[in-house]
Structures are given as C-alpha cells and as structure tokens.
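S.K.: All chains should be built: construct the whole structure from the sequences, respecting the hints.
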Amino acid sequence: MASGVAVALLALVPLGFVVTYTVLIGPSEAWDLLVRPRIGELLWNTTRLVVGCMAASLVIGVGCAWVVERTDLPWRPLWHGLLVAPLAVPAFVNSFGWVSLTHAVEGYAGALLIVTLSYYPLVYLPVVASLRGLDPALEETAYSLEHGRWRTFRRVVLPQLRPAMLGGCLLVGLHLLAEFGALQMLRFPTFTTAIYDQYRSTFNGPAANMIAGVLVLCCALLLTAELRLRGHRRYSRVAHGAARPVERQRLGRARWPVAGLLAALLALAVGVPTYSLLHWLSVGSSTEFPVGELLAAAGTSLGLGAAGAALTVVLALPVAWLAIRYRSLASTAVERSTYVANALPGIVVALALVTVSIRVVQPAYQTFGLLLVAYAIMFLPRAVVSVRAALEQAPLVLDDVAHSLGAGPLATARRVTLPIIAPGIGAGAALVFLAVSTELTATLMLSPIDTSTLATEFWSASSSVAYGAAAPYALLLVLISIPATILLGRHATLAAPAEGLAR
Amino acid sequence: MSSLHLDGVTRSFGPVRAVDQVRLSVPQSSITAVLGPSGCGKTTLLRLIAGFLEPESGTIRFGDLVVAGAGRALSPQARRVGYVPQEGALFPHLDVAANIAFGLPRSRRRSRRDRTARITEMLDLVELPASYADRYPHELSGGQQQRVALARALAPNPTVVLLDEPFSSLDASLRASTGQAVVRALRAASATAVLVTHDQDEALSLADQVAVMRGGRLIQADAPYTLYRSPVDADVARFVGGATALPAHVTDGVATCVLGDLPLARPCPDGAAEVLVRPEQVRLDSAASDARVEARVSEVRFYGHDAACRLDLQPDGPALVARIIGLEAPEVGSIVKVGVAGGVVAFPG
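Protein chains in written order, with my numbering: chain Y, 4 to 506; chain E, 133 to 481.
No wet-lab data here; the hints were simulated from the structure.
Where a beta carbon is used, it is the ideal one built from N, C-alpha and C, also for glycine.
There's no promise every hint is true.
[To be verified] If you want a taste of the chain E side facing chain Y, the calculated C-beta under 7 Å gives, among others:
hint: 1; residue: Pro-208
hint: 2; residue: Tyr-215
hint: 3; residue: Pro-217
hint: 4; residue: Ala-221
hint: 5; residue: Phe-223
hint: 6; residue: Phe-234
hint: 7; residue: Gly-235
M.R.: Written out as structure tokens, the structure is:
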C-alpha cells in the first residue's frame, strides 16, 4: 500500500504545483485571467476536437476490430498489423506529413482528421483483445433468441465491449488534451498549445497556469465520466472450459468493398505520411544526412525510451496490484490519481518538476534522472492500464494453489504471477517506450544541455520549415517505434488463452 | 500422509459465524466428505485447513503437529497440503508436466530423470496417458483438467489433500467417472483427503466418512451407511437421501401414523413423534406388508432402472414419495395400496 501511495503522490506533484500556483495568485486575479474571450475560444476548440476525435476513433476502432475479428475478410492478420501501424507514426510526424504537402489541413477539419488517424488504434487494440476473449456462445444465444446480426451486435456484443471501448476512449481523450506538436503544426490552438505559447513567448506564468488549471478540470471530467459509465457490472465468462472458435460472419458481396474501405483508411493513416517522408527525403532541397548526429540522436532516444519504460513499469506495478488485489475506494483513488498527470501537457509536468527541483532538490535539476521521473509521471497511465489488465488474468486462486504447493510469496510471484502477467507488462513497457522515444515538450524543457533526441532535432528542423532536414529524423522516429508497435499488435491477439481462467 | 484433527475451530466474517466450533477427525489414509448446502461454511472450513485463512479460536492438527491455534499458525506453504480448487486452476502458462512438477522440491525439479519419472507416475495415477505431459491446460477438457490438478496436488506427497467441489463444474456423466477416478487415485496414494461437496450422492458414494454442515456448525460426522441409517435429526435425514416426515405416536417401539403401525429401527421415547419414511421403503400393492392405506399416484418420474412416484394418501392425507423398480411403475392417476418395508426412524417432538 505504501509504495502505491508514494507513486500516486509523485504523480500528483504537477497537479499540486498548478493548484498551489492558482491559490497563490488569489481569487480576483484568477477570475480576471479565466473570464476572457480567449479562454472561451480555447475551450470551444479543445472540446470539439476531443469529442469529435473520441467519437470518430470509437466508430473506426470498433468497426475495424469487428471486421477483423468476426468476419471472413481476406488476409485478416495483415490487416491487423497494418491497422496498428499508425501507432508507429507519432502524431506530430503525421501532421508534418500532411501539412508539408498541403496547408489545407490547417484548422478544425484537418486537425480532427489527422488526430483521429493517429489515435484510433488506442480504441482498436483493446476492442480486438476483448472480442478475442468474448465467448461466441453469447452471440449464438442471441441469434437463437431471434436477434439479427445488427441487434446482436448492439445488444450483446457492444455491452461486453464497453470496458474496452471506454478505456480506449479515455486514452484518446487524455492524449488529445495533452497533444502539442501535431496541433501546433496545424495551427489549431487548444489549451495545451496556448500554455506553451504563454510560457515560451511571453513567459506569462500566471495566465499559463490558469489555463493549465482548466485543462486539469477537463481531465477530471473525462475520468469521472468514464468511471460512471463503466459502472460496477461484471463482465466475464460464466461458463467453464475453453471458448470455441468463432463462426465468422460472411460478408458476401460486401467483402471487397469492406477491404477497400480499410485500404482507404490505411492509405490516409499510413500512406500519406510515408509518401510525404519519402518525398522530402528524395526531393527536399534541404535534405542532408549528418550520419553522426542522426546516430547520436537515435541512441539518446532509444536509451531514454528503454530507461523510461523500465522505470514507469516498475512504478505501475504496485498501483495496478492495489487496484486489482485490494479493491477499495482508497486503491481506486490511488489508481485514478496516476491518470491525472497524463492530461497535463508535458510542459506543465516539466515546469512543475523544474520548480520543485530548484526549490527542494537542487542537484536533480537538468539531470537525466529528473527527465525520467517526468516521463514516468506522464506515461504511468499507459503502463497501469496494461499491467492492470494483465493482473486480471492471474486470479487469486492460483496464488492459493501455489502456496499449498510450498511456494512462498516471492516464489509465487516469480513462478506464477510474473510469467502470467509478463506479456501485459511487455505491452505496457512497449507503450511507454513508444511515448518516451517520441516525446517532445518535456524533453525540450528538462533534458541536460546539449542533449539531442530524434524528436527535438526533428522539431527544430521542421519549425524552421526545413522539411527536408526534418525528414531523416522523422523516418528514424518511425523506425524505432516499429518493433514496439509489432509487440503491441501481437499481444492483443495472443491475450486469449488465459482468459478462461480469469473469471 | 497423516491424520487430521479439528477442535473448536471458529471463524467469522463480520457478524456471520462462517465456521462455528467445528470438531472433526479424519483418520490417516481415509477420505472425508464435508457435505452441506451452499453458504454452510464448508469452503471456509477447507480454507482454514489449507491455511489460507486463520481461525479465531480452536486448533487444527496434522497428526501431532499443530498447524493452527494455540497462538501459532503455519503458513500454507509450510503445511504441505495438496489443494484442488473448484475449477482446477491449472497454471495457464505451464504445460501439464510443469504443472505437476510445480510443487516438487527444487532438486527433484532440476533432475530430468527424477522429474520425468514422477510426472509419468502421477499421470498414470490419475489415469491419463503419458503423452498429455506436454499439453497446455486450454487443450484439456474439464475432467482432464481436474485430474491434472489432482496429480499436481499429489506429486509432492502432501500431508493432507483438500478438494473444493472439484467436480461441480463438470457435466453429469463426467462427474461420476471423474469422481471415481479421483478417489481411486487418492486411495492408491494412501492420501488423507477432505472433499467438500454439496452433492449427497458424491459424498455418500466416494467418502469413508461424511460430515454434514449447516449454518457453520458440524451436525453429524459418520460413515455413509450410519449417516443414512441413523441421522441425528429430521433435517439431516431429509438432506441426505430424502425422506417424508409424518406425525406419529410412539408406544413400545411402534410408531402409529397414517401408514399404520410401523416398527422403529432405533429406540425412541413414548409419546408424540415424527417418523421418517425413506422413498425406497415405500411398497406399492405389497401383499406381504399390511398394505391397507390407499393412495392416488399424482406424478411418476421414470428413470429406467427405477422410478420416483409421488403419492397422495387417500382421502386427503399428506403426499409421499416412493422409489420403485422402473418397470413396476404405476400409471399416473391410478389408485394403489401403500405399505412400508423395514423399520423407520422416529424423532421425539
């Protein structure tokens, strides 16, 4: 319990920073800073982007998952791999790909299109995993009760997918609230880009902090909404034994049009940024290959990614453990508090840590350690979500059996629990690795002087409109993200066998 | 293997006394079934023996070794019990061989020859082919999973084997055969075993001793035959085997009730009483007994080898259940003569 609480407290440091700052400003000035037309505009922009993107991701994610898992679509494994692929293209690289080809994508419609194409896999992946674990007997029962395909999907399958859908939507929403690079490039101002501008260009601390406060409220709203909607119902298989393989729905004449739709989606999500990158690599006048710098930046990104992933997963373990094994209000509070930092833009986390480290632990300022702590705070939710799901696969009765066979708590963890949750932990680590190796704002603020990562080098090149110079970094960013993405996609499809036990 | 003794074992959850002052002895190398309806505390009792829970008071001994009570509690891993939970709970990430070898001491796990020998021996014991060793749990049927779970529990030579409703998740035909196979394996291993179940057929047919629990208390622990023949109260009689209770008056070892004068199987003080008539004691159209009561057949459940008939005593008497040979079952609606064979059990009151 103590370690879980410690992690939660660490995750709450940035929030504490924002709140303290707000209190120090005083109510009247806070009010003046909040009630401005500018804030109204930002609120409208942020809300319509988040709501629109969550809705679109839900439709695309659930639709694709159902087609891949439950129909006789040709080349299903290939589609699955490709549908996860956008995860390997960071959102700001994706918008670079679009915006460097056409400026028509600036503004709401373009922003919505690009962030949806970047983030729908966050819904697709958990829904695929859920569909795999879902006993087809439920659907067959519905058919026998004279429910058609569509009614069965709506009344039987959808409710079962609800935890996965809500969890995925929550992730999409939180990502969007914190998204900076992509939206900045598309000139679509939201709370997060506004905070960055306030800090960077005008150094207007109080105003930025007030916006951060509103952003934190948005995040809290999302979290409670998800908690409410999820409810307390149990979603699990009632029967014993292994689930039967699925009888796939025949698409019939719709088979090729459906495949065509998927191909079109992938052309937009993967094809356009890939084409754009290759285009700038080959024709860009500013294209150059400073091999030494590229390698150094890649090395730093990989190292930070690996170290950040390791630290984050270690911190996520006690939190998820509490949430699953000791269900209570307190443990839910601990788990939920780790989500808060994810909605804070990297720059708020970074500045909170800068302030705290300068005032409290001076030697930590501008060290890799502090940077890693920032990553851990920002990306804990991804690790917690995966580790939590994995722990649900290891029911307590297995611990009982192991104890009765002479294995003490440590041996049980080593021989039973860890091997069962290892795939989930791997998936969590992969998610964090992806996030860290492409992280931009916190890295810019916190990394020791003269540190260059792929993301920061890419950013400085692309913001000076040196598209050709930015392209090699973008390509490397995509390349180092690929192995982790493959791991993720495979994990979702392997999660099924243990499902029977996790009742 | 050693014997198992419980004395005054009590455990509450909040205000509910899940296990209340239970006293029970399981002789070495014998099987005791703990029988009771769901919620009677039988699973809690098992978890107390295994060490997953600690009793508030009372002692649990394995032979002469106190494992719980008198201020000490041995951890589950130090008790060396073999535990077979309801759904088998095989480790999903390990194959059958690794599951069985899980509890073996490290030295035996490392020695390939020792390990293989023990796994083969155990698979043989639970009547599974040796080729199953490299299958994974999800490739086995429910009954096979249960057998592997038993093999895993028996492999390290436990002091006591505990089975928590191991057959309840299996379908009816598999349940009987798996039950018999499990008991053969337990006997072959000379195991001291406690089997928790809510199925009276299972308890009576598989165990050496049946302990009936109700509301956390242990009501009666006896050999199946004794339990069936001499239940301590009417509830136990009805729960084990079923019986119809009729008001009666006892004088000089004879109970007088609507079915006539019935001899008592065991003594009961004179006066008002309740007699219990087992379904198989009821005879229809029997010339030998004093079949002077008439009844109308209101329902017949035909099983082939036998049939259960529901009889309404005429003109307005209570209902009675008779179990008779299948091919002798009467028509529904017909009037039959009813008699009772053998002595009946009476309870004063």
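S.K.: E:Pro-217 was flagged as interface toward chain Y. Is the shortest Cβ-Cβ separation under 7 Å?
M.R.: It holds, given that the least Cβ distance between E:Pro-217 and chain Y is near 5 Å, below 7 Å.
S.K.: Closer than 7 Å between Cβ atoms is the bar; does E:Pro-208 clear it against chain Y? Give me holds or violated.
M.R.: 4 Å, holds
S.K.: Does E:Ala-221 meet its interface restraint, that is, does its C-beta lie within less than 7 Å of any C-beta in chain Y?
M.R.: Cβ of E:Ala-221 sits 5 Å from chain Y, so the hint holds.
S.K.: Do the numbers back the hint for E:Phe-223, that is, is its least Cβ distance to chain Y under 7 Å?
M.R.: 6 Å, holds
S.K.: A closest beta-carbon separation below 7 Å is what the hint needs, so does E:Tyr-215 meet it against chain Y?
M.R.: OK, holds: E:Tyr-215 within 7 Å of chain Y, min 4 Å.
S.K.: The hint names E:Phe-234 as touching chain Y; please verify it with the least Cβ-Cβ distance against 7 Å.
M.R.: This interface hint holds because 5 Å falls under the 7 Å limit.
S.K.: Hint E:Gly-235 vs chain Y: min CB-CB distance below 7 Å?
M.R.: 3 Å, holds
Hint check: no violations occur; every hint is consistent with the structure.
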